[in-house]
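Take the given structure of chain Y and dock chain P to it, following the hints.
Residue numbers (my numbering), protein chains in the order written: chain Y, 1121 to 1299; chain P, 191 to 935.
I should point out that these hints are in silico values taken from the structure, not numbers from a laboratory. All C-beta atoms, glycine included, are put in the ideal place defined by N, C-alpha and C. Heads up, a few of these hints could be off.
What the hints assert, rightly or not - Below, a sample of chain Y positions facing chain P; criterion: calculated Cβ distance under 7 angstroms:
no., residue
1, R1132
2, C1137
3, A1139
4, V1141
5, I1142
6, A1143
7, T1146
8, E1147
9, P1151
10, V1160
11, H1242
12, T1258
13, P1272
14, L1276
15, V1277
16, S1281
What follows is the residue order along each chain.
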Amino acid sequence: MTKRYAMAVDTRRCVGCNACVIACKTENALPEGGFRDWVVQEVHGTFPDLSMQIRSERCNHCADTPCVAACPTGASHVGEGGVVLVNRSKCTGCKACMASCPYGARYVTPQGFVDKCTFCLHRVERGKGPACVETCPTRSLTFGDLADPASPVAQLVARRSHAVLQPEAGTRPHVFFLT
Amino acid sequence: MSVTRRQFIQIGAAGAGAAAVGSGLATRWWGLDRDPTPDPRTDGDAVVPTYCELCFWGCGVLAHVKDGRVTKVTGNPAHPLSRGMLCPRGAGATGLLYDPDRLRQPLLRVSDRGEDRFEPVSWDAALNRVAEGLERVKQRHGTEALALFTHGSGGVWFKQLMKAWGSSNIGAPSYAQCRGPREAAFQVTFGTPLGSPEPLDLANARCITLIGSHLGENMHNTQVQELAEAVGKGAQLVVVDPRFSVAASKARYWLPIKPGTDIALLLAWIHVLLEERLYDADYLAQHANGLEELKAHVATATPEWAGPITGLAPALIRDSARLIGAARPASLVHPGRHTVWYGDDTQRERAMSILVALLGNWGRRGGYVLQQKYPLAGYPHGGPPPPATRPKVDKPKGGLYPLASEVLASGLCDATRPGQALYDLKAWLVYGCNLVQAMPDRPRLLEAIQALELLVAVDVLPSEICGFADVVLPEATYLERDDDVWNGPWRRPFIAARQAAVPPMYDTKPGWWIVKELAAKVGLADHFPWKDAQDFVKARLAVKGESWETLKLTGVLLGAEAPTCEEEGADLSFETESGKIELFSKDLEEAGFDPLPVYRPQEEGPPGSFRLLSGRAPLHTFGRTVNNRLLAEPYPENEVWLNADAARALPGLGGRALANGEKVVLVNQDGVRSNPVRVKLTQRIRGDCVYLVHGWGQTARRQRYAFGRGASDAHLTTRVKIDPIMGGTGMNGNFVRVERAPEVA
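Bound-form chain Y, shown alone (with noise of 0.2 angstroms):
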């Protein structure tokens, strides 16, 4: 069976500590001012009727990938398990990735090649977790297979409510926010 990468992010549990964000720039030793995955605090209400949903985002991995379609080089690509990928050498730094993609998840590197998150794919590999997941202190990250209906991350997307980013843009995201 072809895998489906996909992520779960427990919205409940998620303190917005960012240690997620952290961990992945010293784990891809990314530049300074580049993320790959960062924290979004959303109030609702008014003193003191207040609601607040905290979400480690991220590349949501589309189904349906605006920024694969948008590349002019090939470069961005869905690869292994559906996780979307920038092979760097043949990125010429357009941007139309960018601008294409409704959650901005990409940026340009000082080298100038876009970057993004790649699920820790080089993690994946050695059966390990992205690096995200495995510091997150509040076990809110769950990645694996949403193919394999045992797997923890499709176990919890059909046991919980949840929701995915925009929708209505169509893309058919594989983050899920727990709710």
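Coordinates of chain P only, in the frame set by chain Y:
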């Protein structure tokens, strides 16, 4: 246009691919072959287990080393505090190691103290200068005139030096400027202070109550892990905070309390628990004294009484009390950590400890559990005995603060101003704590500093206190040094290794080396018979036949498991005078304090001012990490939180409302002005207070990133209310006006 841009690109790519068939090389460019998985190659060739020093929780980490550089720091799965997971600060340790502003060599002051002008010198010259200064102070004023301020694991060596030298004046701001009131209160009620890490079984709690504690923003790793675990298992939160904290956003009940009225709320909660019999009567009958006195004491402390005081609806007080009571005994009222607020803090913590007792939560699963230390032997000495010394001098003449159980750092500062204590302090060793941000009332601190004959600062970064030193000694960071083992208490006792991952950069040295060299220069070499830190640790381990080789491999040695709560078969005992939990405290009564907590109103600020509150952000450890470029990326500076509606009503804005993110200046009741700081206009805070994350607004220009960035709450804390029970410095009695920052020309 009949061909879309997307189709055009596809056509172009197909054409090029077709043209390239047969060339082989070109197919690498045009996508017929499989792309390699990008690997940043940050896994270490060597992976060194050690424990973290970015805060003081002491999480086990794995330092990945490649080509002589630490590429990343990850959690050590074998370590009970990190369990393989790290907070952002721990993961950001390389930002400290490779901070371009690190201290690189010893420095000697070359102009007036505080002018921050230094010349680099050799270690020999620097330590000679320290030794001469120490000898001079000893001859004129005695050995006890030397005080040590310390915060961090390398402080162990400097404590040994103090012992050999002959002074017990060793303090840390982590007591009287932080945990102190709760330590005193739990000592009174349960017979034991809590210490760190706190003995809490958060993971198994069914209800967790936070009172001014913002766990989640306050990022003590294991506690946050367990908070999330509890939430994941359906635990309910009750959060009392003037600010809609992260924890509040997850709470069943958020109580946006008027600052300074917590004791009224706690008495009302106790009233409801007693009135509705939501307490553990059997537990109290077996273990506690003073229930009848407590009942009489809170008889009139109804939610209707507390409502107008706290600004909370009586129904909210009652409903939250019922939730807390119904979850007993696994209903955990967190003791908090930074508890020096209003000068009556021991009494507030006493009320919290009484609540803990009523819920039967002490010694129970999901509550305050029993912890132990790993039974590691001390260093098998054989050196000369330490000299007898005069008693420590952190209390003023006449003696106050009867329940202080640790040395008051503020008291040591005061004893440095001539004539305040039994004898004057004349020299300070400051290890790893930036007193300029840690201490309130900066003018008083600077007065003490200027009265010193010698000030030596040991640090990894040129922090503000270094700027006031006569000699600055640059320590290696934790990733570059060996230290003593971690031996804190935990539910399952353990020790953890501190071992260097890479050699010290620049001309920096580990604490043990500094102390050993300095000891030799002041004739105390006999007290330090070990060769180095590892030799010291090996000798400690060898006493019971344990091996360094085993410890260094995983970084951790686990001790024997023992019952941690009644459910696991532990027997509860209380080291109070009566041997029982003291709801009513005779000790306090005899010392002239309220034997049961009493609510007394706090002073209000001038009209148009806001009470200044402070707290933590998860990416930073006070001011220690502000210069860390890695951690600064997601959190570059603090902001002052101001209620958006209150902002609209501010006077003196010239008809133009404040905009979110605009720079403002805070001016306190004594006219002290903050740096310009961005304002965060938000619904997430009451309209009568403002909030700053602590640690910003630093004045040390050698920390080039941190310098002048954000605003310092400590700088604005010129008024202090001293807790008469244990000497804590209550800091939340300061009020600020908010002014638009002047336009920069």
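Comparing the hints with the structure gives:
no. : hint  : result
1   : R1132 : holds (6 angstroms)
2   : C1137 : holds (4 angstroms)
3   : A1139 : holds (5 angstroms)
4   : V1141 : holds (5 angstroms)
5   : I1142 : holds (4 angstroms)
6   : A1143 : holds (5 angstroms)
7   : T1146 : holds (4 angstroms)
8   : E1147 : holds (6 angstroms)
9   : P1151 : violated (10 angstroms)
10  : V1160 : violated (11 angstroms)
11  : H1242 : holds (4 angstroms)
12  : T1258 : holds (3 angstroms)
13  : P1272 : violated (13 angstroms)
14  : L1276 : violated (11 angstroms)
15  : V1277 : violated (16 angstroms)
16  : S1281 : violated (15 angstroms)
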